[in-house]
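S.K.: If you want the building blocks of each chain, they are given just below.
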Amino acid sequence: MSMTMLTVLQATGVSAAYLAVTLLLPFLFLHKKLHGFANVPIRFMIYFMAGNFYVMNLVFLLELLHLSFRLTLILGTFAPFIAEFVRKHKGSFRLYLERGIEKLSLLAGKEMGRKTFLMKLGVKLKKMSSGRMGMKMSGHWMDVLLTGAVIVLVLYMYGLNTIHVYGYCASDIVLHNHWINEMNSNHIFADGVYPFGFHCVAYYLHAVFAIPVYVVLRVFCLVQTVMIHLMLLAFLKTVCRARYTPYIGTVVYILSDVFYQYAYYRYYASLPQEFGMLFILPAACFAVAFLRERDFTAAVGREEKGLKAVNLYLIMFAACISMTLAAHFYDTIIAGLLCVGIGAGFCFRCFRWRYLKRIVAAGIAGLMIAVLPMAAAYVMGTPLQGSLNWGMAMLSSGSQDSGSTDGKDADDGGKEAEKADEENASKGFLARAAGMFTPKKTARILERIDYYVMNDNIMAVKILLGSIAVAFLLGLLWMLFRKAEYGAVLISLSIFTGLLAMLQVSEVLGLPQLIEVTRYPVYLVYGIVAVWSLCLDAVILSLCRWPKAMNVLSMAGLIAACVVVAETGVRSPRYITAYETNEAVTCLTDILRDNRDNVSWTICSANDERQMIGGKGYHYEMITFLRKMKSVNKDTAVTIPTDTVYFFIEKVPLYYRDYINSEIPERKVSSAGASKPLSDKGGILPYIEDARWVTMSHMYYWAQAFKELYPNEMEVYMETDRFVCYRLRQNGYSLYNFAIDYGYNGND
Amino acid sequence: MVSRRNYFTIMILMIVVFFLCMTFNTLKDTWNDYEVNPYSETAENYPSKVNIYIPESIRLGKAVGRKAEVKMAENGEVRIGAATRRRVIGIGDTKGTLMQTAAQWVTYSKRDIGIYESLAVYQKKEKGGEQPEMLLIDSESVNWKKAGEVTFLRDCVDQGTHLIFCNLPDVSVIRKNREVRELLGIREVREDEYTVDGIHLYAGFLLGGETYYQAVEEEDQGYQDMELRFPWYQLASGTKVYMKGIPEDESIDTEDHPVVIWRKSFGSAYVFAVNGGYMEGVTGLGLLSAMSAEIYSYEIYPAVNAQSMVFEGFPGLADENRKKMDELYSRSVKQVFQEIVWPYVGMSLQDYPHGITCMMAPQYDYRDKNEPSEEQLRYYLKMFHEQAVETGLSAANVSELAMSEKLALDQAFMQEAAGAYDFTSFYAGGMTEKEMEEALRMRILGSVMTVVADYEEEDAEVVKFLTEDVTKQSTLGEGLAYTYKGDLLMKSAATALGYSNISFDMTRVAYPDSLEDSWENLSRDYAKTVDSFGPAFDGFDGTTATECDVRIRRFLALDYTDSRTGSVIRLETEGGSGTVWFILRTHNESVESVEGGNFKKLEDGAYLIEVEDREAVIRMEPADERYYVMPPGVR
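Those protein sequence lines, which keep their order, are chains A and B.
Every letter in the first sequence is one number past the one before it in our numbering, and letter 689, counting from 1, is 689.
Start counting at 1 in the second sequence, then tack on 1000, and there's your number in our numbering.
There could be a bad hint or two in this list.
What the hints assert, rightly or not - Covered by chain A, per the in silico footprint, the following chain B stretches (three or more residues, Cβ under 8 angstroms): (1) 1239 to 1247; (2) 1624 to 1631.
What the hints assert, rightly or not - Computed list of lysine-lysine pairs in DSSO-like fashion (alpha-carbon distance at most 27 angstroms, straight line): (3) A:Lys634 / B:Lys1110; (4) A:Lys88 / A:Lys32; (5) B:Lys1434 / B:Lys1464; (6) A:Lys634 / B:Lys1146; (7) B:Lys1176 / B:Lys1146; (8) A:Lys630 / A:Lys681; (9) B:Lys1472 / B:Lys1110; (10) B:Lys1145 / A:Lys634.
Unchecked claim - Far from chain B, some chain A residues (derived; all Cβ distances over 10 angstroms): (11) Ile82; (12) Asp172; (13) Ala344; (14) Met555; (15) Gly614.
Simulated from the structure, these hints should not be mistaken for lab results.
Note that the structure is a prediction, hence the values are computed from the model and not measured.
We put the CB at the ideal spot given by N, CA and C, even for glycine.
Turn these sequences into a full structure, and let the hints guide you.
M.R.: Structural data, given as structure tokens:
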């Protein structure tokens, strides 16, 4: 089977599993309760948020209780259904149980055939759903079509990479893999306290659906990215008035080549930060929805089947905030900024005590829910994970010497900013504010935004900043036109994106660095396309208020946006150079398949496969292997005590260098590489950049020498012009001694 | 009350059933042509002694070098010519058992050989000549004190000649001489002599798989006859072990267990070492074939492809030794064979492919007055004929009657009882070859094509021509006395020749020496033998003695060449007629198809190739292919 086909199937499987748990089950559980509540995008977000929140916290709970395994997870998943069923049929529960058992016994006793059973079940389901779907969709076919198109575009833009690049597309996924592997033995926070929301979901998919962790991490990014785009679309659908303007921002976001690649690169990998992005816009959406509830001020509140709308919005807002924090701190910071924007936009309502106390309480509750598992682990003695300390240090150092993070340019800018700060220190606030935007600084701000966010296009930077200002002005305008809530949303988003833009250039402005400077573009671009959609929506709304005309205009706007994108450049799907070769992942998949019933095998390779094999076999570090035979004498013995040993050797070693790992490796293993001494550094350092080339060169020449000694035993398992995997089968009672003189042992 | 209609219907049905049963039995009896030996086909079309393959140097009486054709470019692919495998040099006593074994292996594997008394003689006589495929060395023929000889051996290795040390020099030589240790891949001598508890033969070397020759249970102690005391060497890197000792001390790491058979790789060639006297006789044949298979990426060599079980002295036709029989079984010897032994034997063998030959003993004791029963003879001839069991004649004779007289009496009896029956196989037991030749001149053995004889220890010539037209096939072990050494011998014979021949001395049943020889006890050994060898070599064909004879004739006459281009092995045979068989040993490859023949998997990396035509084309494929592959264009 082609590995690409397998990846397609895996991606489909993981997506189906994830959506079944986070969309389908919540829908089945809640759809009756939420029937007719708000609009479809809101309900869609409620289902999705509820699903994620439940899964995440279920895993947290079971892991902390050391009770997490497949059965408990499945029981936990269906617990609400069981509870609901028991509650609903309290009186007749026994009767239902008896009927169910009777049916099962009929089936088991073969009195009822499987076909008959399935047919009856089918008829029942058909009855339940007959005509409903068609009725519901009749007025929305264009939305369905356009949403489908958005999904297809996202799949095309990011899916090609997923199905053609099998390795992890970010260097830290291996670490996440390790943490998730540890959860298998109920060892959450294996490396210290860290936001584990993403890990909980990945672990859940692995444990419940028996999907290997490395497969989840390879392909989960696809469904995650699709959902990030759908969240953007759903959010815009809730705040825009025209029907098709939400698609404008979404389509521009997917297709336009105007933004720098850094804004997109992280979508190619399954990473916690991007997972957390799923919950930022819904948080804003629920906050806005809550603040829009005017009746609430009169303390009446709309009631939908026993659920007060405001309470539901607040619960969902708390859940979203909780999940941003559970997934990644950066997402909470961004959600916080968005809340600041919303607070400013809805200042006319937000600062009323009734609103303020509730929304603040919800926010704090959300934070508490997320912090609780981490705090529990911390109290029980688990230290903080290293990157948290790093994050704290970033924050504190950022506030002290903002903007020393970006090389020479940043240093220069920082020094100039410092100098300017000193000059302005004695001046007043306004004077200082004015000093922040001197022509020179303005040029630098534009240059910095261009550098990080845009694709070498100063005009686009101006448009970006201009659109923020326009959104703000349009917001004010609509407030004047007594469409305060609509205007508030415009102002909220403009303030949010404005803050992000300011933080992006914080080094120039002398502001504290809240998150790593390269991460702002991901959020800024995500926010700016929403601003653009809203701006167009506001313009259309100002031109016409007749719904049908607005639809026509918004469709025209969508078409125009597509044309503009086509004219200014359409982004083409990119292929990331992964941190493992395609061959290595293919080999690993084959090895796992070949050894389904056997654990006596070892992969000797550079670092990554260690976690990817997930305890199904053993791993031997290549650098340890080579170091052990640095100086070979008659007593040197290097043995690996398993029946089969696989050696992964990159003939063209990966660079494993930059953050994105965008460089395509070209340097082959050579005697020149093998002639250099092996790295004596620890951790991953022997496997990065030049050290990797040296390590691989040594390993290659070792393999050649060993194959010369054991030509029939050392077989080629897989070989391409860039990679070779050798397989050596040995007798467990008489292991091969791998310590040989391969000609380059003692180069150092 | 039965009506008349029903009564007649029942009657008719009963008559029909009765008639059918009777008819079938009568027809079966009538058509059973038991009085004619179905194996007594004319041997004219089969190869005789004049056709057999003899190594060139033996035939011409001098060493003949063959032109090497190692690798040739053909359509951009490397072609490996097999002619390079054909020249072997033996260094040792030319009349010694080791070199005789070497010569026999060379003959069976259709190679060529030159034997020299010492390394010095070899150096002198073949100076500047073609490098041989391998040197088979009797360590006693090497002057280890002479530094030049070790250096010469190392040079041979560097030039690509594989060394096989059929035995090792004295442990003191190894201890003192670093060069010798390096040559043999020995890191250190741990103990000059060490006694192990058993021997562990690893899988993938000899056919038959992994085996522990260790008597763990007390009842197994009787099987242990392996060489358990030998020097304890620790190996260096670059070595691979095939057989190890199992120390009694379980705290010793398995990697440190004393080694018995191993190889050291030098990149250019291998050095095999055998720590003990395993290289003599049939065991040596098997080990040499296994080593040869280890040397090359593939190895194909001819095989007999025959598995026989010979029941010697079975059945007995006279009512003899009555007193003892009554004492042990309360039955006559005829009844013991008919009612106890044969049902047991028949049942136990039905799942295994072995061909059965029963070497009949009309009488064991010719001096008593108990005459053989004609009725009993006919009964067995019929039954054996129905069950495709061959009936041969046994030389068994407990009375000290001359062989010629015994055979004359047998002839008289056979003439009387089954005049048209011609024996094609004769069990000679421990008779000398001269005695066999004399016996074959007797009338009753006039139609004999093959003589089955007991295996003589250290004799590697297990199949051969006894006379111009009669072959000799050795039984490789006594089935009623299973031993570990015998097991190793069987594995070796299967590996070298695809041949197995086990005899069961049923005279012991008729004339037991003690209670130990009661069938109750003997059947335990019988079951052990059958269970050990039955499933081990189920890939080979079961043959009776005469069927085996045909295969032996073809095997001995056969010569062949093989060459490989890419994944295709081309095999050309000559010298034989009819179907011949080969054993193909591979590494990480399997046979995809065979044109001009068939194939059967014996075990991982071992195939039986049946060649029906003069030429066969064997297509190879990787033993296991990757299920997930990278599509073209994806990097």
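S.K.: I'd like to know which numbered hints this structure contradicts. Please list them from smallest to largest.
M.R.: Hint 3 is the one this structure does not satisfy, whereas the remaining hints hold.
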